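Asks: Here are the chains, one letter per residue:
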Amino acid sequence: MLPNPMPPARDFLEPLLDRAGRSPHALLQLLIAVQHHYHFVPSEAMEVLAAELGVTPLRVKGVVSFYSFLSDTFQGEVVVHVSDNITDRMQGSRELAAHLCDLLDVPLGQVREDGRVSVHFTSDIGLGDQGPAALVNYLPVTRLTRERIEALARLINARTPLSAWPPEFFRVESIIRRSDVIFRRPVPPGAGLRASLERGGEILPAWEEDLSPSDARRHHLDKGGAETLKELYRSELRGRGGAGFKTAIKWESVRSAKGGGRYVLCNADEGEPGTFKDRVLLAEFPDMVFEGMTICGHVVGSKKGVLYLRQEYVYLLPHLEAVLARRREAGLLGRDILGSGLEFDIEIHLGAGAYICGMESAMIKSIEGRRGIPRQRWPLPVHQGLYKRPTVVNNVETFAKAAVVSQRGGAWFAAIGTPQSTGTKLFAVSGDVERPGVYEYPWGVTVREVLRDCGGLDALGVQLGGPSGTLLNAEAFDRTVCFEDLPSVGTLMVFGPGRDLFEAARNFAAFFRHESCGLCTPCRVGTTLLENYVSKFARGFGSPVDLEEMRGIARTLRTMSHCGLGQTASLHLIDSFERFPAVWEARMGTRDFIPAFDLDGALEEARGLTGRTDQEAHLTPAEVRA
Amino acid sequence: MTSTFFLDGQEVPFTPGQTVLQAALQAGRYIPHLCWHPEVGPHGSCRLCTVVISGKPFSSCTQPAMAGQHVDCDTPELQALRRAALQMLFVEGNHYCPSCEKSGACRLQATAYFLGMQDNHFPQQFPRRARDASHPGIILDRDRCIRCERCVRASRFLDGKNVFGVTQRGIRTSLEVNTPSGLLGESALAVHDRAVALCPTGALLPKEGAWEVPIGARRYDRATVAEADLREYAMTEAGGLQEVHHG
Chain U
0 MLPNPMPPAR DFLEPLLDRA GRSPHALLQL LIAVQHHYHF VPSEAMEVLA AELGVTPLRV
60 KGVVSFYSFL SDTFQGEVVV HVSDNITDRM QGSRELAAHL CDLLDVPLGQ VREDGRVSVH
120 FTSDIGLGDQ GPAALVNYLP VTRLTRERIE ALARLINART PLSAWPPEFF RVESIIRRSD
180 VIFRRPVPPG AGLRASLERG GEILPAWEED LSPSDARRHH LDKGGAETLK ELYRSELRGR
240 GGAGFKTAIK WESVRSAKGG GRYVLCNADE GEPGTFKDRV LLAEFPDMVF EGMTICGHVV
300 GSKKGVLYLR QEYVYLLPHL EAVLARRREA GLLGRDILGS GLEFDIEIHL GAGAYICGME
360 SAMIKSIEGR RGIPRQRWPL PVHQGLYKRP TVVNNVETFA KAAVVSQRGG AWFAAIGTPQ
420 STGTKLFAVS GDVERPGVYE YPWGVTVREV LRDCGGLDAL GVQLGGPSGT LLNAEAFDRT
480 VCFEDLPSVG TLMVFGPGRD LFEAARNFAA FFRHESCGLC TPCRVGTTLL ENYVSKFARG
540 FGSPVDLEEM RGIARTLRTM SHCGLGQTAS LHLIDSFERF PAVWEARMGT RDFIPAFDLD
600 GALEEARGLT GRTDQEAHLT PAEVRA
Chain B
0 MTSTFFLDGQ EVPFTPGQTV LQAALQAGRY IPHLCWHPEV GPHGSCRLCT VVISGKPFSS
60 CTQPAMAGQH VDCDTPELQA LRRAALQMLF VEGNHYCPSC EKSGACRLQA TAYFLGMQDN
120 HFPQQFPRRA RDASHPGIIL DRDRCIRCER CVRASRFLDG KNVFGVTQRG IRTSLEVNTP
180 SGLLGESALA VHDRAVALCP TGALLPKEGA WEVPIGARRY DRATVAEADL REYAMTEAGG
240 LQEVHHG
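Protein chains in written order, with numbering that gives the first Met the number 0: chain U, 0 to 625; chain B, 0 to 246.
Chain U on its own, in the form it takes in the complex (with noise of 0.2 Å):
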């Protein structure tokens, strides 16, 4: 049922065309408006924006159905969706969502009758260390228990508006468990952007150097930008995203690009499951991380920063608008920054629910407005990123790191960590451990260091940089995180003695298999295979031959696919089989070959013309293999 009168959707919209300036590539950012407030996007919403944004119909039905927390269908007047993973898992939530929707007496993915609350599960929101949580009215409930779970289903079937709710239901704390020399010292706001501005030496006086006053200045600017690269150089910083890649080299390439209009993007999107070390910065320092895009701004040569916030995080974004508003006011954005003639702004994006959109190029499609799909390989974003423009893309954390290399200078922040990996890592811990959250170490640290001071030494094993990442055994809990040893985006999620690790894999399988984006034959198909195998498992069906299909399907995911999310889709299983072979051993059914062909399940739909849910009415596992 739909709420009644249902506002209309042109005369909500028509302001918010009016100032996105009625461009296509609004068409995201409006579709997210029309569902925070409507609960759904109603198709006189998508007729509107596709008539006045010049964009087909279809195409805005592609964006809608792209992205998880868009709906076409009314999702009821308080939308739940609680996180998914793993973590989750192991604190209980399947539990604690079915027991809500026995409460609020309505199916899980279905509104109920009178339109007041549909309940869902949805990808890692980012709160691993506050967990199990959910989010109401796209707003972060945490810390979810029984009496919780049994406290939010009184009020919302006494439809108590979200504002009387008890606040500290929507606490989200900002935990840091350990704090190493940038989190101890963070730069003050505009530290490290003045030290970048000052590299430029004095403004000479114009008729020394016989230029105009605005040359000397431009001059000035350019010289400060090349002498904090060569910092950034010293300094040796590498990509906190997971890929590593020196940022030096990354801005450099911006620096010398042919075109103007250049863009500077924050990627903001963390959804690698167990990791919420940005949702910390940007709560904690998002000084920090503003300062690192402006200071690339005046390297690069760029005059607009974009951030790119995950739909999960986005009860932050009052608090970043507040900060953004605050440092135009001080002078650290703007039109003429700190008096330099810089200028450069920032202003903030939001994601729908789409993993894919971590990797740079989706996030850039997924910016322009469109269906979040990574762009082929060539040309390179540095080149022809957003828009078409010359584009660095950064991690929060590389923005906030390269803010400290800026203050103070590259040579300070080399001589932390290892050789090859410079400076200090942010780690999400969660899982089993007595002391979950942010802990910040120098690079070179041991898997055992850290187990030791989150209390989780006990571990069977620990899925280090989620699920994407590599799943190690207590045998390798003396390896280090490093680009040298094991590289990591800093995400720990730990798992305790009587874990079944299975059941990390069962999860992480179908996570790949919904967040897919469907565009190459690898990772679309593959990673359903791959889910229907381990389901197998589960089921008690599976044998060696399927252990050996499983792996040849890995091997074409890793080999054949586009884009890094099919490359690694598979990496969690193969350590699985490696490293805990005795998880698979305990779910095998048979030594011989079953055919994943479901008997019992074919009945189905025999089963459902004839109304019939007795036991009789199904095979037992020995008849199907019989």
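Everything labelled a hint here was simulated from the structure, so no lab data went into it. Be a bit skeptical, because a hint or two may be false.
[As the list claims (entries may be wrong)] One side only, chain U facing chain B, incomplete, derived with CB under 8 Å:
#, residue
1, Arg21
2, Pro23
3, Arg58
4, Phe65
5, Cys516
6, Cys519
7, Thr520
8, Thr527
9, Asn531
[To be verified] No farther apart than 30 Å at their CA atoms in a straight line, the calculated lysine-lysine pairs in the DSSO-like style are these:
#, chain 1, residue 1, chain 2, residue 2
10, B, Lys206, U, Lys257
11, U, Lys257, B, Lys160
12, U, Lys364, B, Lys206
13, B, Lys55, U, Lys387
14, U, Lys302, U, Lys387
15, U, Lys302, U, Lys364
16, U, Lys387, U, Lys257
17, U, Lys222, U, Lys387
18, B, Lys206, B, Lys160
19, U, Lys387, U, Lys364
20, U, Lys222, U, Lys257
21, U, Lys387, B, Lys160
22, U, Lys222, U, Lys364
23, U, Lys257, U, Lys303
24, U, Lys229, U, Lys387
25, U, Lys387, U, Lys303
26, U, Lys245, U, Lys302
27, U, Lys245, B, Lys55
Since this is a predicted model, take the numbers as computed values, not measurements. For glycine and all other residues, C-beta sits at the position ideal for the given N, C-alpha and C.
The hints should help you fit chain B onto chain U, whose structure is shown.
Replies: Below, chain B without anything else, positioned relative to chain U:
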């Protein structure tokens, strides 16, 4: 200006700006491909044209040729991977070759023969996909769609009609029609549009003229996909044959 690179050890000339695939085909060296077509360019999605350059895999349809580079293409490992990707395409849809009108003129089927594919290997997914027979001259059978988006690009860039697009994501990615009802019958698609001609399978099939060309005398009955392609592209290059005969 012409430079050369090495394809499986043999020198292949190219002009700057050409991709590895383009240069190879021009030199009469075949690399299997489904989503690329000379008229609509690369899509990078089928991945069959994957080659290995300096130990790293790349889709040759999107990879610029570079002087002196060594490209591995016809290796047992790569052929096996191509076969696996092809088998994935067969199991994710519903491809009933023996009863399909496109049989013998189907690029997917012909490529399967070319790569020595003996079976579908992977568990069949049996998806349920909507069929659309609303158009007087063309049937849209999504069972056979491999999401190469050739029709999407051809309709947009060659026919100037923008009839097709895709919705959903992942395994649910679906070819859709840009009309209010979503039905093909309402669209401006015409039987002789390039969008129809470029479909590599029987997903877009003209209704008239079915079985006109008997089995045994169809495009890939008379030549392998490699021979047919190389001949066609050579003629396209020479400006001779634009119309591609698809059975």
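Asks: Does the closest beta carbon of chain B sit nearer than 8 Å to the beta carbon of Thr520/U?
Replies: 5 Å, holds
Asks: Check whether the Cα positions of Lys364/U and Lys206/B lie no farther apart than 30 Å.
Replies: 37 Å, violated
Asks: Is the hinted pair Lys387/U and Lys303/U satisfied, with a Cα-Cα distance of at most 30 Å?
Replies: Holds. Lys387/U to Lys303/U sits at ~14 Å (cutoff 30 Å).
Asks: Could you check if Arg21/U really has its C-beta closer than 8 Å to a C-beta on chain B?
Replies: 20 Å, violated
Asks: Would you check the hint for Lys302/U and Lys387/U, treating anything up to 30 Å between C-alpha atoms as holding?
Replies: 15 Å, holds
Asks: With 8 Å as the cut and Cβ atoms as the points, is Arg58/U at the interface with chain B?
Replies: Where the cut-off is 8 Å and the nearest Cβ of chain B is about 6 Å from Arg58/U, the hint holds.
Asks: Can the restraint linking Lys222/U and Lys257/U be considered satisfied, given a maximum Cα separation of 30 Å?
Replies: 19 Å, holds
Asks: Would you check the hint for Lys302/U and Lys364/U, treating anything up to 30 Å between C-alpha atoms as holding?
Replies: Distance ~20 Å between Lys302/U and Lys364/U Cα, so the pair holds.
Asks: For the pair we were handed, Lys222/U and Lys387/U, check the Cα-Cα distance against 30 Å.
Replies: 27 Å, holds
Asks: Please verify whether Lys387/U and Lys364/U have alpha carbons no more than 30 Å apart.
Replies: Holds: Lys387/U and Lys364/U sit about 10 Å apart, inside 30 Å.
Asks: When the nearest CB of chain B is found for Thr527/U, is that gap smaller than 8 Å?
Replies: With Cβ-Cβ at 5 Å, under 8 Å, it holds.
Asks: Have a go at the Pro23/U hint: is there a Cβ in chain B nearer than 8 Å to its own Cβ?
Replies: 14 Å, violated
Checked against the numbered hints above, the structure breaks hints 1, 2, 10, 11, 12, 22 and satisfies the rest.
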